Amino acid sequence: MKKIEAVIRKSRFGEVKEALHQIEVNFFSYWDVTGVGNEKQGHVYRGVSYSTSDIQRRYISIVVSDSFLDRTVEALLESAYTGAVGDGKIFVSEIEEAYRIRTKEKGADSLV
Amino acid sequence: MKKIEAVIRKSRFGEVKEALHQIEVNFFSYWDVTGVGNEKQGHVYRGVSYSTSDIQRRYISIVVSDSFLDRTVEALLESAYTGAVGDGKIFVSEIEEAYRIRTKEKGADSLV
Amino acid sequence: MKKIEAVIRKSRFGEVKEALHQIEVNFFSYWDVTGVGNEKQGHVYRGVSYSTSDIQRRYISIVVSDSFLDRTVEALLESAYTGAVGDGKIFVSEIEEAYRIRTKEKGADSLV
Amino acid sequence: MKKIITKLSIVGLLLLAITGAYAQDTLVVEEVSTTIAATTVAAEQEVAALEPVVEEAVMGSDAVLDLMWIVIAGILVFFMQAGFTLVETGFTRSKNAGNIVMKNIMDLCIGSIGFWAIGYTIMYGDSIKSFIGSPSWFYNDATDMHNLFFQTVFAATAATIVSGAVAGRTKFTTYILFSLIMTVVIYPISGHWVWQGDGWLTSLGFIDFAGSTVVHSVGGWAALVGAILIGPRIGKYTDGKSNAILGHNLLLGSLGVFVLWLGWFGFNAGSELAISGASANNVAGIIITTNLAAAAGAVTALIVSWVKYGRPDISMTLNGALAGLVAITAGCAAVNPMGAFIIGIIAGIVVVLSIDFIDKKLKVDDPVGAISVHGVAGAIGTLLVGVFATDGGLLYGGGFAQLKVQAIGVFAIGAWAIVTSFIVFYVLKKTIGVRVSKEEEIDGLDMHEHKTNVYN
Amino acid sequence: MKKIITKLSIVGLLLLAITGAYAQDTLVVEEVSTTIAATTVAAEQEVAALEPVVEEAVMGSDAVLDLMWIVIAGILVFFMQAGFTLVETGFTRSKNAGNIVMKNIMDLCIGSIGFWAIGYTIMYGDSIKSFIGSPSWFYNDATDMHNLFFQTVFAATAATIVSGAVAGRTKFTTYILFSLIMTVVIYPISGHWVWQGDGWLTSLGFIDFAGSTVVHSVGGWAALVGAILIGPRIGKYTDGKSNAILGHNLLLGSLGVFVLWLGWFGFNAGSELAISGASANNVAGIIITTNLAAAAGAVTALIVSWVKYGRPDISMTLNGALAGLVAITAGCAAVNPMGAFIIGIIAGIVVVLSIDFIDKKLKVDDPVGAISVHGVAGAIGTLLVGVFATDGGLLYGGGFAQLKVQAIGVFAIGAWAIVTSFIVFYVLKKTIGVRVSKEEEIDGLDMHEHKTNVYN
Amino acid sequence: MKKIITKLSIVGLLLLAITGAYAQDTLVVEEVSTTIAATTVAAEQEVAALEPVVEEAVMGSDAVLDLMWIVIAGILVFFMQAGFTLVETGFTRSKNAGNIVMKNIMDLCIGSIGFWAIGYTIMYGDSIKSFIGSPSWFYNDATDMHNLFFQTVFAATAATIVSGAVAGRTKFTTYILFSLIMTVVIYPISGHWVWQGDGWLTSLGFIDFAGSTVVHSVGGWAALVGAILIGPRIGKYTDGKSNAILGHNLLLGSLGVFVLWLGWFGFNAGSELAISGASANNVAGIIITTNLAAAAGAVTALIVSWVKYGRPDISMTLNGALAGLVAITAGCAAVNPMGAFIIGIIAGIVVVLSIDFIDKKLKVDDPVGAISVHGVAGAIGTLLVGVFATDGGLLYGGGFAQLKVQAIGVFAIGAWAIVTSFIVFYVLKKTIGVRVSKEEEIDGLDMHEHKTNVYN
Ligand SMILES: Nc1ncnc2c1ncn2[C@@H]1O[C@H](COP(=O)(O)OP(=O)(O)O)[C@@H](O)[C@H]1O
Ligand SMILES: Nc1ncnc2c1ncn2[C@@H]1O[C@H](COP(=O)(O)OP(=O)(O)O)[C@@H](O)[C@H]1O
Ligand SMILES: Nc1ncnc2c1ncn2[C@@H]1O[C@H](COP(=O)(O)OP(=O)(O)O)[C@@H](O)[C@H]1O
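Protein chains in written order, with this note's numbering: chain A, 1 to 112; chain B, 1 to 112; chain C, 1 to 112; chain D, 1 to 456; chain E, 1 to 456; chain F, 1 to 456.
It should be emphasised that the hints constitute simulated quantities derived from the structure, not laboratory data.
Think about it this way: if two alpha-carbon atoms lie no more than 20 Å apart in a straight line, the pair counts; the simulated EDC-like pairs of lysine to aspartate or glutamate are:
| hint | chain 1 | residue 1 | chain 2 | residue 2 |
| --- | --- | --- | --- | --- |
| 1 | D | Lys241 | B | Glu18 |
| 2 | A | Lys40 | E | Glu439 |
| 3 | C | Lys3 | C | Asp32 |
| 4 | F | Lys241 | F | Asp356 |
Here's a subset of chain C near chain A, in silico, CB distances under 10 Å, partners left out:
| hint | residue |
| --- | --- |
| 5 | Met1 |
| 6 | Lys3 |
| 7 | Lys17 |
| 8 | Phe28 |
| 9 | Tyr30 |
| 10 | Ser93 |
| 11 | Glu94 |
| 12 | Arg100 |
| 13 | Arg102 |
| 14 | Thr103 |
| 15 | Leu111 |
Just the calculated beta-carbon pair ranges, DEER-fashion:
| hint | chain 1 | residue 1 | chain 2 | residue 2 | range |
| --- | --- | --- | --- | --- | --- |
| 16 | B | Gly42 | A | Thr82 | 29 to 35 Å |
| 17 | D | Ile418 | E | Lys363 | 51 to 57 Å |
| 18 | F | Gly240 | A | Glu18 | 45 to 51 Å |
| 19 | A | Glu78 | C | Glu96 | 16 to 22 Å |
| 20 | B | Val112 | A | Lys104 | 25 to 31 Å |
| 21 | A | Glu78 | E | Thr431 | 34 to 40 Å |
Predicted model only: the values in this text are computed from it and were never measured.
Think of the CB as a built atom: it goes at the ideal place given N, C-alpha and C, for glycine as much as any other residue.
Take the sequences, apply the hints, and build the full model.
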């Protein structure tokens, strides 16, 4: 099983969710993070203008069986894309075991 | 070392914490996430009723030495269980190295 | 590629960010978590004094190419250090693949 | 099936209310029109007689002043509902905030409707054996609307006090029913004893100027009974130990205290029910005693909490201000500034000890401290009138007479509030139940009772 | 380049305003000084004549009472701006909260300046053909400042209503321009028809005591036009289905409702524009009708939402209270408490159905329900005066005459508001545009329009 | 050991206060009772003499009107404390919100107690060499309580201004001590110069109607001294560059501005200290000038920030409204609407430039802009009275005389405030210290000073 973690623009979240829905990945967790990267945003606060690379982003964590890996990455790459600096990243890593608490199922069966 | 990540019901967090305490796992980090999965929740807002699978959940991340793995998973499976759809998931993955910042210890020693 | 996850004191975040900047690690994501560990904090609420090990912490997630691993861990160990119980932890794990959504680049190139 | 019947009966009730109300109303119309005819004649005569009687006109101005003051004070008291909402939500968890909002708004609405419909005459109607007023439906004396308003917002306050003490675990329907009974039965009857003029406590010489006992203690004791019968929130007591369940927003809580303090100027100084002539200086005096007691209560609670817990405690300080306000309410017109200051100090000490005691010794779960702030400080404040009243107080050579009367009043009304609210809560417990399910409580009342969250 | 020119022209305008204003002012000075001289003489004579004419002095007191009441009521109405801000931000998403704050503050500021500069005389100046007042710049009658103040805060209210309905997608500059035109043209003209004394609707006998139609409906219909022309927020309607876009803080929303309810006492009872003599009881009566209608509206909306959606809905209950308040505004002085109660019930039912209808059938996106609360409930409330007015209402033997006049007023002013605001919004749409870009909308107006977040 | 002693001494002080107060009080009792006897006789005589003297009765009504207005205005000013709390917490970080709440509540409590205990007579007692009033303990003139109240809430305001400027790094005890000295020494003495009637600035003809200088500038300059001596927050200036430290909730900040604006009507119009007779139109006029200046200040600050920073800045607009209010405070009764409008515009420009200058050039860390809003705008506003006063202003043919006097007053009081608060802060710095530790500051004052968080 693989864990796919994606840091995306908050404004693309609707599209990403829709795209995952299309490929029947209806199980994931997400939360809001602050991202530091190439993108800069200009702000003004009480006359002090400052530019910051600390930008609000959404973090999505999806664990899929190996067979789902490619299409999920594909879907993310498509749906989170705008072409401007700051579209975000996708990271893939190995998951050794997974359990569904309700049924105590293990492995890929526990995912869907 | 292993990282155990669990997505659980917020309402079970008390029990889970207690169970981890029983097996002397008194070190972990947690935060709130939104989970998408099989469970659906019915809401009404200003007359628009909608059902959503975006449900508030708690995410727990515990890094343990290999020998602690089984009992920790066990404890989580027990304590987070209600039997209804939406009890959540547990994911296990490999951690290559761990450091305690205070002492600069490495490996399993750094965990407890 | 490696994922470096660090749980640090919120009050050290400024220093940590600066240290990462020094070694040109200008890309990471962070969010706030509650940490349970050895440190205890005394509180009083409406006359009930209680001591809790649930302490607000900052969670930093950095994915780096293998060559950056050591200096990054080094920088974190230095900058997050205060010497008192509760300085936090650093965990290292393997990342199999990384993508930059904007350019669809893969691997280490996608990181910087 | 059941559900549909419930729905239908609700709709039915609603229709009934409208038609019934209307039927009632058309009858009234005839009466009114004859009255109007009579009044018109009278008015014309009056106008004819007006010019020579200058004094008459002068009294007119004074009557207007009094009415205006009552209206303005009533508006300030009205705003206390917002203060209660803020304090109660701020001192409890976010998952129940919507439920508290709903309870407070309903207190106000039910109070407004119920007190007009029947409560006002139960309280202020012609006295039946000095115990209860003669009730009549839908009060409609066009020359007395300012008093109806002022008393309505008082009634709503008494009900609202309970809301905070039972927050986070009480069924919404149960609470609404209790609030209704509180507003139209429990509060007006004991209120009648003191404020109607012919009530038996008035006759004894009991002094409760603006309602430390009549309003706040009644609310506080009902809160005590409710909190006991409903039981503590899950997780509040484990292994016999009291745990802290943190309020989710002390900033809003403190904003609520400012709003309550503001409203209290109307509550106390408005209870003079006049401002013209000699009342003017009384009103100003009440403003000062009220303000000083609140300030003294806050400072004292801060110091006591500092000594006791090692840090100036925010929520205790806020409660101290409220306790000072509650305590001075009975005597605000009877004591001088120094008396008010000392009453505030005593209230500030008592409230911290009382919250501690109720929480840790009695193990009654009162998330906002309503029992201590309104019940205990209200009782103490009423008693202290017997000590500090410049006319008749113990310290001013009046002996123990007044103090004794005060004690009788405090206990009589306390007993009344405890017994009646026990009956109501007990019956509700045995019938529709008073508490939500464990799951609902953990998830938060907002999600289950109202299917919505306050924060999104 | 363009940007610099814009900036320069803004600065230019500013300077112009200052100098222009000043020039105007020096002219005035001369006038004033001669007036002062004249007044002084007059005053001296008056003083000389004072002692024997006691009645004169008495009237003085009464005039002061009236002025004081108007000022206090105006201050209460002023505070409604805070209530609107809270309701509107609470019922929408946090990413637009700063923008809503700015819009509401600017409504107030522009209203204050614009109404003083020209709006007041357009509304209350000598009537030109019963249609519009004779405008004159920078109103400066030192004996009429209380009325200017009271009317100013009313004007600001009318503009603010639109803000909520178009929240979350409207360009800031566009909104500001609309608000200005609303305050100095649209609202004062239709207001003139009803409240100036010589307006054509007054002559017909149209009753809109405190502005269900004059203020609230005008705001509500403009909101409808704005919401339609600007279009729904992104994501509000997908596949023809209405989606819920959650308000971010219903607690602040409910605090806003308390503040509005508070302010409404000033709004309605202040519209008596007097409190001395016979007005005193009227004022108190208005307070009661206002309060009862609000309470009835809230309770009814709660029950209807309970029946319809299976749970007592928080935001609907809040809207119900507001709908009751809006509906009683026209008839608060003309109906009795029972009439007010029934009007509140009707408003509570109507507002829930209307919100549903506008959201799901008309598919007009109105995040806070402004169209239903102010437009629909305002119209219904105005019509119901023809039914429940104790003098001339259908149910009180007055026949259909009053109802007909009420209908004419509602439709005439509705048509005026819809047509004029359509023209304004349409022109703005075709010129500077009414809507922010898609990206700005998704990121939130705060970030793009103001480069700052409200919550940090 | 030390801790215990501290605790004991606190308890001791408390007891002392109670007993001392009580001792004092019994003495008073005797005096009072003889006075009462005398008064009763007098009252009886008065009653006997009443009927023929109708004018007497009329004056009674007027006196009541005046008292009522002062009380109501005082209640509005009281509520400004809530406004300050909201603005200060909203413009700073959440980790210090509880500390700010505590400071603001204590300002009010200490002000209420201190001003009654001694401050009021220092300010308004018989003048000693036109410099200070004759102090006497525990003011207790039952016919003057309305003035005590009104002046008390003013004093509390002066202290509160400092709170915002030193937010986020100041020791709680230090602040409390400063606040006490401010309320009972610094503010009453300079206030005596202007408002007591025999003060030396009054004699010069200095005009500061409601306290642009007496209240706001004094607070503002003390804030400046405090902010300098305490130093900037950690992270505010790095490498000589000013960094933005974001306020955590601009929505609450803006709610605070609405509340302050509301209270300001009481602040300015209440300072007429009367409403009967000729005062009525003055009061209404002040309401209008106050409102116009605030509106002009907000709009101007919005425009200036738009031109300067490319976007309409939320917090600057809010500060602009406050600056307009502060600036008009001195001249609200002396200028006409147009003058007020222009004063508002000037204040709106000045405040943005001043905030910029103090932050970036002086490098003084003032999180909420208190120095600019209260100090600078207060000084400017006071000076501008010499320009725009319709009676004696430069533009109205009065020449430079008034302007000169205004300048003397501004500088004299400025110097007084700066020197005295420097002494106080300096002594506190050298003794108990003014600043929390670095660790405490980073973790937030709430956690360390109060062991609790505001948000949970
Ligand atoms: N190496 C990394 N580790 C963790 N998060 C990262 C890393 N690089 C980028 N991110 C996240 O991705 C976001 C977008 O990256 P950014 O460099 O701004 O744009 P782009 O990917 O288009 O070059 C960042 O804000 C950050 O949250
Ligand atoms: N593949 C996954 N990757 C990440 N999170 C998941 C995944 N599957 C489930 N979750 C999380 O677990 C929660 C519970 O899962 P759900 O499917 O609703 O119930 P159940 O596990 O009982 O079938 C989800 O809300 C989501 O947060
Ligand atoms: N095994 C672990 N897994 C996940 N997070 C941990 C673990 N151990 C510690 N942490 C995090 O690190 C923080 C600091 O650890 P703590 O034990 O308090 O101090 P120290 O590392 O100095 O002994 C904890 O609050 C928690 O957030």
